[in-house]
Amino acid sequence: MTGRERGVLALLVTMLTAVGGSGCFDESEERAFASPAHADSAAMSVDSSEQARRRALEPGALGTVNAAPVSGWTGPGGEPFEVAIRTRDPLSAQARRFGTITLRVSLRARAPDLGQYPCTSCHLGRRMTLVDTRIADAHENVRPIHPGQTGATCATCHAPDNVELLALRSGERATLDHTYRLCAQCHFAQAESWAGGAHGKRLDGWQGRRVVMGCADCHDPHAPALEPRIPFRAPRIQRTGGREP
Amino acid sequence: MNSGTPRVARPGDDGTLLRKRMDRRRALHVLLGGAAAGAQAVSACTSSSAATEAEREARVLQWQEYIKRNYRFMTDEERGETIDRLERLTKLRTGADVSIQTTAAQPGVVFGYAFNISRCKGFRSCVEACINENNLDRRAATQYIRIFEMKNGEVDLDHADATFEHEVPAEGHFYLGTQCFQCANPPCVKVCPVGATWQEPDGITVIDYDWCIGCRYCMAACPYWARRFNWSAPDVPAEEVNPVQHYLGNRARKQGVVEKCTFCIHRTRQGRLPACAEACPTGARVFGNLLDPDSEIRWVLANKRIFRLKEDLRTEPRFWYFTD
Amino acid sequence: MHLTAFARSALDAATNGGRRYHVWMGTLTLIILVGAYAYSIQVREGLGVTGMSDHVSWGFYISNFTFLVGLAAAAMMLVLPAYVLHDVDFGRAVLIAEAVAVAALVMCLLFVVVDVGNPLGGWHLLPGIGYLNWPRSLLAWDVIVLHGYLALNLVIPFYILYSRFTGRAPAKHKYLPWMYIAVMWAVSIHMVTAFLLAGLPARPFWNTALLGPRFLASAFTAGPAFVILLLWFIRRETHYDISDGAFSKLALITTVAAQINLVMLISEIFYKFYSPTHHGINARYLFFGLEGHNALVPWIWSAILMNVAATVALMIHPLRRNPKWLMSACAVLFVGIWIEKGIGLVIPGFVPSPLGEIVEYRPTWVELAVTAGVWALGLFVLTVLVRVALPIEMGTVRSPHLTERPGAPVIRRFGPRGGTGEQRPVRTK
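Residue numbers (my numbering), protein chains in the order written: chain S, 1 to 245; chain H, 1001 to 1324; chain C, 2001 to 2429.
No lab work stands behind these hints: they were computed from the structure. Predicted, not measured: the structure shown is a model, and the values here were computed from it. Please note: incorrect hints may appear among the correct ones.
Unchecked claim - Which residues of chain H face chain C? A few of them, derived with a C-beta cut under 10 Å, are:
#  : residue
1  : 1148
2  : 1151
3  : 1162
4  : 1164
5  : 1166
6  : 1195
7  : 1196
8  : 1199
9  : 1213
10 : 1225
11 : 1227
12 : 1229
13 : 1231
Every residue, glycine too, gets a C-beta built ideally from N, C-alpha and C.
Sequences and hints are given; from them, build the entire structure.
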């Protein structure tokens, strides 16, 4: 598969997921997610449980993607180790070694979030030229703090031959769903914690299916520090109804 | 490890003791039930006031609720009956349809929690999720979770601030959250005079809100300030009530009883994460099964530097703090 | 036959009296009614109408409870010299002391009832239909010992008084064993209540081995002090003769107990402040205030001042023998201990909270009104008990059915006053 063909495929995947995922994933996908534990719970509880779960997974469509092994990560003892397999159906998932622990996890898909304004809207050839001839404010929302700190350029992370993909040091390409492969090249301590479950965020279940947030789900890759904010403060309300009997 | 769990007869595991107790209970029930019916008849005959059918039904249900026994000693049948009554009462009073589970602990599961003090930024999203998920009293702004802001270089709760309102994270500070630590050796359980609070097999310390007499001895006994009291009737706007409930968890509480964090028992017993863990925007919260060597919590315990609060008290909290 | 007569004569004694008596009882009733009204508000709105919070989850009610347990226990301790050591002087004080114990217990139980959030769940405590978490919960112990003590203090005096009423001599072998039990029990109610607090490592302020002994010492200070005041009042107002010997002995007990109490207070202060660990932070709040929060500081220092002043006054023999000084010292001691062992003991256990948060406590009017109501009810009970008991004890009231039986046995004095049955001449007014 040439780079060009791969790019087309990636674009197709991106667009398809964007269409399919924009209104949350459909019923068949959701059923496919259900592990035995969840099937039990569905029998025990009511529909609102499903609603509650769906609410928990918003915002953004949740899809899962298959992960690839990450080269360059080393586990304890210097052994190369593998990110777990991620699949839509935990029943068929083969748990693999994962650092020192074995888990079945799903990765929260990143690409659908980016589907609203595909890079190819402007980068017609999907190519990123290094010489700056771009429209002046095309990427004004990108705050290049991380590149500024590290001396990186766009091409350090983005594949110059395909703006839809990330460029790994090994020469491999990763889709935007697999940001961890890129980030882990430097942030190996965080990556190890992430794989173990101590960094990043898991959604949905402690049992059966795990859904894992990718790096770029929480961090803006261009300005990774979390934005400061005013903390939540519980509002006190007036009495809403009659007194409890 | 479970020395803190009161040894009580569960239905079926101690025939003689239980039968005796049940007989007495049965007798009482018959007696009180008869009294209720009598009172009902009298009120029906004498009162010409506009007691509607619903009010009357609610009163009967309320009375039956009053004379029911401790959840721990209930048979499955009795549990089913009280669930029906509680759901019906909620319907009669607020018009809301709620579903109250009685899901038991899964075998081979003991819950544990780890909190990353390097990651927590003090946003209190967990607090918000907890309030919504657990139907916490909005009027008194009850919160199970407390986030303490501390200066770098000291882990000292005495000088920590849990009432910060400024933009977070503040420079030179870190954040440490507390909630019920579901101690393996819970001092609160030991002190309850009526056995209204106990530790479940999965390690969650729960309260039977209908059995609690509100003496608040458990609040004095908790070294982590994890228990809350309903100083007045809790108030949750009808449209914000979470209808997915558990008898031992987030169902409607009443005035004058103690409540506490149950690790979202209605979620975690279904295999889901507690609301706080799922809501945390920084991923500082790790939850899992301590008995599963492949769980995230076990990975944290094995690979991170951890500590617990007030370990000298030998309460054995199942809530660890760790750093990156 | 006798029982009805007894009830009737008790009712007579309680409802008949001079104008001052009626004013006194009327005032108490009024305060009780105000307290009942305040309590009705609390029942309706919840304990939120009190000053308590999740941080300070016990307040004025439990403070009064711990103090009154001491009062109840200490009153009974006068029984020990009277019955066991056959101290004649105490004989007449004992009955009064038992009435004080009953009244104090009634107040104790009421303070617990008004403090709990779900009093209708009280039946959950009953073994059989409920579940009493005994022996693990110290509160379950407390429920048992308080009710047992109340029963003992009701049954023993009733038996003695009823015997007198029916013209029989109370049989020593019947009541003496119970007396011994009651004396032990008096110590136990106090120790159990102290253990209830001292057994909580969550609250380092209470979690000290000295708490039990301190409770006893303060109880033996406040209890006899109160009994002295009461006896003095009774001697002044009635024909009931109480010897000076009883007063001097009670005063001596009070003095010694007050001294021991001060020694223990000093030990506690030394322990908390000489090497100020984290565990002393509650004491710091109590005595000096923390970060500008110092609601209890004036109270505790007044209490210490009162206790020291009264103890010193009692230690000077001429002053102690002077009734005026003795009464003032007892009153001051009573108030001083009430502060030290009530709000000065319970509240600082909660401030700062186990997580170091400082939330102060101030009772609301509802709490104060309910507290006043409970105290008024206790005094009401005390007045009625004393009023019923005294005439029988003095031999002025007997069952009317007795007169029909010639040759009724010689009436023996209550207590170990010797077996002659002779009556001392009583003062007439």
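So, going through the hints one by one against the coordinates:
Interface hint at residue 1148 of chain H: satisfied, since its Cβ lies 7 Å from the closest Cβ of chain C, which is below the 10 Å cut-off. For residue 1151 of chain H, the interface hint is violated, since its Cβ never comes within 10 Å of a Cβ in chain C; the closest pair sits about 13 Å apart. About 6 Å separates the beta-carbon of residue 1162 of chain H from the nearest beta-carbon of chain C, less than 10 Å, and the hint is met. Below 10 Å, beta-carbon pairs count as interface contacts, and residue 1164 of chain H has none with chain C, the closest being about 12 Å; its hint is therefore violated.
The restraint placing residue 1166 of chain H at the interface with chain C is violated, with a minimum CB-CB distance near 18 Å, outside the 10 Å limit. A cut of 10 Å between beta carbons decides the hint on residue 1195 of chain H: the least distance to chain C is about 4 Å, and the hint holds. For the restraint placing residue 1196 of chain H at the interface with chain C, the shortest Cβ-Cβ distance is roughly 7 Å, inside the 10 Å limit, so the hint holds. With 10 Å as the threshold, the beta carbon of residue 1199 of chain H stays out of range of chain C, its nearest partner Cβ sitting at about 13 Å, so the hint is violated.
Annotation: residue 1213 of chain H was flagged as interfacial toward chain C, and the flag holds, the nearest CB pair being 4 Å apart, inside 10 Å. Below 10 Å, beta-carbon pairs count as interface contacts, and residue 1225 of chain H has one with chain C at about 5 Å; its hint therefore holds. Residue-level restraint check for residue 1227 of chain H holds (minimum Cβ-Cβ distance to chain C is 8 Å; threshold 10 Å). Hint on residue 1229 of chain H holds. Least Cβ distance to chain C is approximately 6 Å, under the 10 Å limit.
Hint on residue 1231 of chain H holds. Least Cβ distance to chain C is approximately 4 Å, under the 10 Å limit.
The structure fails hints 2, 4, 5, 8 (numbered hints given earlier, in ascending order).
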